[in-house]
Amino acid sequence: DAGVIQSPRHEVTEMGQEVTLRCKPISGHDYLFWYRQTMMRGLELLIYFNNNVPIDDSGMPEDRFSAKMPNASFSTLKIQPSEPRDSAVYFCASRLRQGPYEQYFGPGTRLTVT
Amino acid sequence: QKEVEQNSGPLSVPEGAIASLNCTYSDRGSQSFFWYRQYSGKSPELIMSIYSNGDKEDGRFTAQLNKASQYVSLLIRDSQPSDSATYLCAGLPKGFNKFYFGSGTKLNVKP
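These protein sequence lines are chains A and B, in that order. Note that this note's numbering has the first sequence beginning at 1, numbered continuously upward. Note that this note's numbering has the second sequence beginning at 115, numbered continuously upward.
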């Protein structure tokens with residue numbers, strides 16, 4: 001079975017540009033999570049969805065960040081405008097609604113903003 | 115606060131030894147715990163989950179949960195150089211849907 005799919009795997013952009021990261025969760029999974037990982041701050045939860053509905057976006061750092069889940073098989077995380085401090089690895093993870101509550105991570109998108 | 119604490123390491127063990135990784139948590143309501151392994155430049159990979167007090171074994175890995183003392187541990191028997199990675203501990207409080215991750219412990223297994 002395919003795992004969580006993310007694209008692109010690497011993104012290099014200039015400050016001020018819009019960046020869109022994409023995620024396809026594991027088929028049948030009801031929850032989708034977006035994380036950001038940096039050396040300084042570790043793994044941070046940005047937002048999560050249940051059945052395509054955003055449940056908790058308290059981790060979104062500021063209004064420049066937005067996330068959508070238009071259907072059960074696709075989600076986007078958008079940064080507009082991007083800043084150098086947004087450089088990080090962004091992971092998407094998914095899990096089933098019922099237990100076990102194990103989350104499965106995608107390969108991540110390494111974002112570099114210059 | 116629902117903090118999960120891990121020693122950042124690095125923890126160095128010789129090949130063939132038992133590596134012991136520990137994690138403490140602050141929320142007594144946490145019911146489920148998860149260990150992830152993350153190689154440098156890769157995504158976290160689920161190793162084990164544990165929901166009940168006691169030990170849970172899977173191959174060379176044993177997870178231990180002690181809810182009274184609020185700690186979780188992961189033992190790796192017969193450590194191999196390929197086990198060298200960062201190990202993340204995560205807790206899931208009852209009634210919540212999001213994990214609380216520790217900062218990870220870096221393990222080095224020396225040949």
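Read the hints as simulated data drawn from the structure, not as lab findings. Here a beta-carbon is modelled for each residue, glycine too, at the ideal position from N, C-alpha and C. There's no promise every hint is true.
[To be verified] Label-pair ranges, simulated between beta-carbon atoms:
no., chain 1, residue 1, chain 2, residue 2, range
1, B, 142, A, 16, 42 to 48 angstroms
2, B, 185, A, 50, 28 to 34 angstroms
3, A, 66, B, 167, 39 to 45 angstroms
4, A, 30, B, 117, 34 to 40 angstroms
5, B, 173, A, 12, 38 to 44 angstroms
Quick one: are residue 142 of chain B and residue 16 of chain A within 42 to 48 angstroms, going by C-beta? Given range 42 to 48 angstroms: holds, Cβ gap about 46 angstroms.
Please check whether residue 30 of chain A and residue 117 of chain B have a Cβ separation lying inside 34 to 40 angstroms. Violated, since residue 30 of chain A and residue 117 of chain B (Cβ atoms, about 27 angstroms apart) do not stay within the stated range.
Range hint 38 to 44 angstroms (beta carbons of residue 173 of chain B and residue 12 of chain A) holds or violated: Distance hint for residue 173 of chain B, residue 12 of chain A holds at roughly 40 angstroms.
Quick check: does the Cβ-Cβ distance between residue 66 of chain A and residue 167 of chain B fall within 39 to 45 angstroms? holds (42 angstroms)
Whether the CB-CB distance between residue 185 of chain B and residue 50 of chain A falls inside 28 to 34 angstroms: holds (30 angstroms)
Checked against the numbered hints given earlier, the structure breaks only hint 4 and satisfies all the rest.
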